[in-house]
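Enquirer: For reference, the chains in residue letters:
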Amino acid sequence: MNFGSLDLNTIWFALVGVLFTGYVILDGFDLGVGVLHLFVAKKDEERRVFLNAIGPVWDGNEVWLVTGGGALFAAFPDVYATVFSGFYLAFMLLLCALIFRAVAIEFRSKHPSPRWRAFWDRCFAGGSLLSTLLIGIAMGNIAWGVPVDARGEFAGSFLGLLHPYALLMGVTTVALFAMHGAIYLELKTEGELQDRVRTRINPLIIAFILGYVILTLATLLYVPHVTEAFRRQPWFFVLVVLAVLAIANIPREVNRRREFLAFLSSCAAMALLMAIFGVGTYPYLVFSNPHPEHSLTAFNAASSARTLGVMLTIALIGIPVVLAYSLSIYWIFRGKVRLTKMSY
Amino acid sequence: MSTELLARLQFAFTISFHYLYPPLSIGLGLLLVGIEAMWLKTKSPLYHQLARFWTKVFALIFAIGVATGIVMEFEFGTNWATYSRYVGDVFGSALAAEGIFAFFLESGFLAVLLFGWDKVGPKTHFFATCMVALGAHFSAIWIIVANSWMQTPAGFHIVGEGLGARAEITDFWAMVFNPSSLDRLMHTVVGAWQAGAWLMVSIGAWYLLKKQHRDFARTSVKIGLTLSLIASLLTLVTGDRSAAGVAKNQPAKFAALEGHWETAPQAAIHVVGWVDEKNQTTHGLAIPGLLSWLAHGDAAAPVTGLRDIPADERPPVHFTFQLFHVMVGIGFAMIGLALCAAWKLWRGSLENSRGLLWLLVISVLGPQIANQAGWWAAEVGRQPWIVYKLLRTSQGLSEVVKAHQIVTSMIMFMAVYALLFAAFIFLLNEKIKHGPDESDLQPTGKLALPLRPTTEGDAL
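In order, the protein sequences belong to chains A and B. Position 302 of the first sequence, counting from 1, maps to 302 under my numbering, and the rest follow consecutively. Position 255 of the second sequence, counting from 1, maps to 1255 under my numbering, and the rest follow consecutively.
Since the hints were derived computationally from the structure, they do not count as laboratory data. Hints should not be assumed to be uniformly reliable.
What the hints assert, rightly or not - With a cut-off of at most 25 angstroms between alpha-carbon atoms, the simulated SDA-like pairs for lysine to any residue come out as follows:
(1) A:Lys336 - A:Arg258
(2) A:Lys341 - B:Gly1034
(3) B:Lys1123 - A:Pro320
(4) B:Lys1222 - B:Lys1119
(5) B:Lys1056 - A:Arg122
(6) A:Lys341 - B:Glu1430
(7) A:Lys110 - B:Trp1206
(8) A:Lys110 - B:Phe1424
(9) B:Lys1402 - B:Ile1015
(10) A:Lys43 - A:Trp116
(11) B:Lys1056 - B:Val1361
(12) B:Lys1433 - B:Gln1212
(13) B:Lys1344 - B:Leu1134
(14) A:Lys341 - B:Lys1056
(15) A:Lys341 - B:Val1057
(16) A:Lys341 - B:Lys1119
(17) B:Lys1402 - A:Pro290
(18) B:Lys1389 - B:Val1057
(19) A:Lys341 - B:Asn1429
(20) A:Lys336 - A:Tyr325
(21) B:Lys1056 - B:Lys1123
(22) B:Lys1119 - A:Ser109
(23) A:Lys110 - B:Lys1389
(24) B:Lys1211 - B:Thr1226
(25) A:Lys341 - B:Ala1037
(26) B:Lys1123 - A:Ser343
(27) B:Lys1210 - B:Phe1424
(28) A:Lys110 - B:Val1057
(29) A:Lys336 - A:Leu38
(30) B:Lys1222 - B:Ala1333
(31) B:Lys1123 - A:Ile332
(32) B:Lys1056 - A:Ser343
(33) A:Lys341 - B:Phe1126
(34) B:Lys1389 - B:Ala1174
(35) B:Lys1402 - A:Cys96
(36) B:Lys1433 - A:Thr340
(37) B:Lys1041 - B:Lys1056
(38) B:Lys1041 - B:Leu1134
(39) B:Lys1043 - A:Thr340
The model shown is predicted, which means the values in this text are computed figures rather than measured ones.
The task is simple: from the sequences and hints, build the whole structure.
Expert: Here's what the structure looks like:
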């Protein structure tokens, strides 16, 4: 397909953003359920309910990350190469955490021994917590910027990635995913367990807001390039207003027991937060700090126009189909969790 | 050890471990389609029981396949950053297409396959199973397209020079249908069918030996063996085509597969052999002319020998030779076993042939070893190139990643994968000991509802 004079680079910046946003929204609640697993679900049956709440969908949700990674490789190979080789140990840790988490879900309930289950429960919870924290830290570093040399190679160290701003982003992400997970669980549980889940939602919202306020303050003071877009185009502020409204709407819907609307609000909030992040970082994919001229952008790190065009064709065919059957599958598995013999 | 060797070992280890699982999902996926089709057609509850049991085995395999597959998606970037920059424009698009067209399909419908038994009707369930199997095959297509492009690059041009050089797509379909894609795809997929089919045969044969779950076991062996027989014969056909392609496109690899040193007519194939790389000779039991015939369809045609290939463009000969011979040896053994077992099954004497049943029990290892050896031969035989004739493996590394980082992550992966493998074997063994559920002979939920009459049903 020929896309004429379309700005394919910007479109792909947005599309990679859409894929990662899909990941954050969908695996966000899976990971959030994992973070809450040990603290909220106490009995074996409750833990099974938690696992089966995400049981049919976590696999597909994780594919958003894999596809996002593939799209990044195809559209911005320089970024893919620099980020994954540069954040080497951090990514190896993330992969390890994701593996443990994935197999813990699958293995845990396949054997009745309490020690077996306790072990995989810890793997699931620990893997979820570590993955979430690392995803947040990675995003913090993308916003803050990382040292890049003149050839576009990462020039920092693993410990250098763990600065206060990135750590704050990590902790805030944990609060956000846990909040999102709790709201999803509210939707999938019932009775006493649901009551217990509900009491956790407000504290988690407050924890997230606290983290986000401090993070915003720090961004305004220390990360001026991220606020640049909002200064130039004030109407981007609409995104911020909408995000605040979406979050404020969550406790309202929870109080009225409109579980599905609460969950939709939470999804919308996450999508808006990702959009704010995207607008702030554009056109930088890897901002070079301290040498901004070495930064990798949607323009200097991209594949050829032909490849971006081919990929756009693939995306235009693939993404609507994926969305259509993903929604049908979510529809099939709507409603409260019922444990059967095929359950985890 | 050098960073290069460490990075290669890490990739070899993680991909080999990963590759234990996808072939099983591809093969079992196809078998599940067959089983559910039989169930829809015959309405026999035995097929329902079979579908339920093998779905559980499938789920276990799929979970580890996904978990270890995520690593692969990012490992090009972590360990092979220069390679990633060089090929991203071409290779990345195949990988992204795999995500969009294959993984979503497979994992999305897997939910229905595994957890939808009581929620959807039999036809919807069958459709979901077909989509999972299709997704598994799609993923094979795209990943083999990507890998084949590294073997026989096409549809691209090189832009830039020195460190800034990279391959860019000029013709997407020429890239997808590069000279080796189709041959290698066919060969890999039938190899995967064998992996799934022999697993089914193996577990069925075990129950026959133990005289448990007789109906279930006989049907499993029958279905598994049908696919084993077809796939093992197709492996021979596709393997022959693949080898002819290698002879044409990658003469250095072809010569290494057979330890063929001197360019000469009547080139020989070794049944078994030993390559003396120092003295550039190969000892063993050889059939003269067969290599020439295999490569060019003419026993008198000359085959390029390794001496006519520059020393710095030769792969490790002995290692490639042995890997290839292990693969071919097992391939023929599987054909023999499949024929023998099918004959006995047809004559109705399989259940009394305990020796043969024992062979069938261990047969599950055959395709696994052959699949691994085959991939290793394909990859080691391409050396010293990471992209054939374009980029050397030593040039593809991540410049910022140090040896100690690779060692650290390697130890981590080995520990994690060892644990995973132990847990997998433990759970598979539990599953086999538990056997098929007798209650599965009675479909429940929506599955228990009678099929709505269709034109097809009326005709019956």
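Enquirer: Measure nothing beyond the straight line between the CA atoms of Lys110 of chain A and Trp1206 of chain B; if it is 25 angstroms or shorter, mark the hint as holding.
Expert: 22 angstroms, holds
Enquirer: Are the Cα positions of Lys1402 of chain B and Cys96 of chain A separated by 25 angstroms at most?
Expert: Holds, at roughly 19 angstroms.
Enquirer: Are the Cα atoms of Lys1123 of chain B and Ile332 of chain A separated by 25 angstroms or less?
Expert: 14 angstroms, holds
Enquirer: With a cut-off of 25 angstroms on the C-alpha distance, tell me whether Lys1043 of chain B and Thr340 of chain A pass.
Expert: Answer holds: Lys1043 of chain B to Thr340 of chain A is near 23 angstroms, not above 25 angstroms.
Enquirer: Is Lys110 of chain A close enough to Val1057 of chain B, meaning Cα to Cα at most 25 angstroms?
Expert: 12 angstroms, holds
Enquirer: Below or equal to 25 angstroms on CA atoms is what counts here, so check Lys341 of chain A against Phe1126 of chain B.
Expert: Holds. Lys341 of chain A to Phe1126 of chain B sits at ~20 angstroms (cutoff 25 angstroms).
Enquirer: Against the 25 angstroms threshold, does the CA-CA distance of Lys341 of chain A and Asn1429 of chain B hold or violate the hint?
Expert: Satisfied, since the Cα-Cα distance of roughly 19 angstroms is no more than 25 angstroms.
Enquirer: Need the status of pair Lys341 of chain A, Val1057 of chain B: alpha-carbon distance at most 25 angstroms?
Expert: Within the cut-off at roughly 15 angstroms; holds.
Enquirer: Mind checking the alpha carbons of Lys336 of chain A and Tyr325 of chain A for me, to see if they're no more than 25 angstroms apart?
Expert: Given pair Lys336 of chain A, Tyr325 of chain A holds - Cα atoms ~21 angstroms apart, limit 25 angstroms.
Enquirer: Is it true that the CA of Lys1123 of chain B sits at most 25 angstroms from the CA of Ser343 of chain A?
Expert: Given that 25 angstroms is the threshold and the Cα spacing comes to 21 angstroms, the pair holds.
Enquirer: Within a Cα-Cα threshold of 25 angstroms, do Lys1389 of chain B and Ala1174 of chain B meet the stated pairing?
Expert: Holds, at about 18 angstroms.
Enquirer: Would you check the hint for Lys1123 of chain B and Pro320 of chain A, treating anything up to 25 angstroms between C-alpha atoms as holding?
Expert: 24 angstroms, holds
Going down the numbered hints, you'll see the structure goes against 4, 13, 18 and 23, while the others check out.
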